[in-house]
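> Chains A and B, in that order, give the protein sequences.
Start counting the first sequence at 1; every next residue gets the next number (my numbering).
Start counting the second sequence at 1; every next residue gets the next number (my numbering).
Any given hint might turn out to be false.
Stated by the list, open to error - Short, incomplete list of chain B residues facing chain A, as computed with Cβ under 7 angstroms:
| # | residue |
| --- | --- |
| 1 | Ala36 |
| 2 | Gly38 |
| 3 | Lys39 |
| 4 | Pro65 |
| 5 | Thr67 |
Since the hints were made in silico from the structure, they are not lab data.
Cβ coordinates follow ideal geometry from the N, Cα and C atoms, glycine included.
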Amino acid sequence: MNRRKFLKASAGTLAASLVVGRVGSALAQGGLEGEDIANLEKGLQAALGKGFKDLVPSKDVKLTAPTIAESGANVPVEIEVGLPADQVKAIYCFCDKNANPLLFSFQLLGGGVLPYYATRVRVAETAPVRAVVETKDGKLLLASQGVRVTVGGCG
Amino acid sequence: MNILIRFNPAKPKAGEEVRVQIVVQHPMEPGTRRDASGKLIPADHINELAVLFDGQPIATVKPGPGTSANPLFAFKMKAAKAGQIKVVAKDLTGKSGERTADLALA
Numbered sequence: 001m002n003r004r005k006f007l008k009a010s011a012g013t014l015a016a017s018l019v020v021g022r023v024g025s026a027l028a029q030g031g032l033e034g035e036d037i038a039n040l041e042k043g044l045q046a047a048l049g050k051g052f053k054d055l056v057p058s059k060d061v062k063l064t065a066p067t068i069a070e071s072g073a074n075v076p077v078e079i080e081v082g083l084p085a086d087q088v089k090a091i092y093c094f095c096d097k098n099a100n101p102l103l104f105s106f107q108l109l110g111g112g113v114l115p116y117y118a119t120r121v122r123v124a125e126t127a128p129v130r131a132v133v134e135t136k137d138g139k140l141l142l143a144s145q146g147v148r149v150t151v152g153g154c155g
Numbered sequence: 001m002n003i004l005i006r007f008n009p010a011k012p013k014a015g016e017e018v019r020v021q022i023v024v025q026h027p028m029e030p031g032t033r034r035d036a037s038g039k040l041i042p043a044d045h046i047n048e049l050a051v052l053f054d055g056q057p058i059a060t061v062k063p064g065p066g067t068s069a070n071p072l073f074a075f076k077m078k079a080a081k082a083g084q085i086k087v088v089a090k091d092l093t094g095k096s097g098e099r100t101a102d103l104a105l106a
């Protein structure tokens, strides 16, 4: 392959991958305000050893959080999973812009515990809160909700 | 560490869903806040909360620094039989607290 051909070919693939990358990520993220996938990725890797692309958005995960929170220090979050209890291993919650993106993890150990969890979290600044549900067969289901914060909860 | 446990409904019927609410009185310092003189306040938050039913572990919560002060932890379980819920909380400084509550059926 000579130089001219090589340049032509590589420019083509580069353009194609750019287009695919943009469409793919837009679908997955839904364009929520204050997204920070790079920071989220750190937390995902530390907690699960997986990246954002391994998460599958799912209707079975219901995340309830306010769209506007006056104080980021106290944001109520409720996660409900529409799957049988014996299929759910753990519930994780992340926030894109927090210094430590992992907000909490909740492990189900049996004994009749249902896949539901509610707590109050700190949100550093306007960013999406994400619920990640780990199933017994190793799938990671995702639900996201943008939370707009007037006063940050970590500073 | 003061821990409060509440059941909703207070006395569920056998097989009914019961919501267990746990509130721990703890400042949950995330380690990113500064005091008046600009010094960082060291992190001090609960990092493990174990829930046991009649001595059997049924759930573990691992809150990070992103959990609010005086945190609420709520989960649901099927009330198959009466028993005792025990909650054990540990924080980063090594302090711990525990509390038991009896789940009675209607």
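> All the hints need checking, so say for each whether the structure fits it.
Okay, the hints, checked on the actual structure:
Hint status for Ala36(B) relative to chain A: violated, with the closest Cβ pair at about 14 angstroms, above 7 angstroms. Hint status for Gly38(B) relative to chain A: violated, with the closest Cβ pair at about 12 angstroms, above 7 angstroms. About 14 angstroms separates the beta-carbon of Lys39(B) from the nearest beta-carbon of chain A, more than 7 angstroms, and the hint is not met. Among the interface hints, the one on Pro65(B) holds; its C-beta lies about 5 angstroms from the nearest C-beta in chain A, closer than the 7 angstroms criterion.
The interface hint given for Thr67(B) is met, as the beta carbon of that residue sits about 6 angstroms from the closest beta carbon of chain A, less than 7 angstroms.
Checked against the numbered hints above, the structure violates hints 1, 2, 3; every other hint is satisfied.
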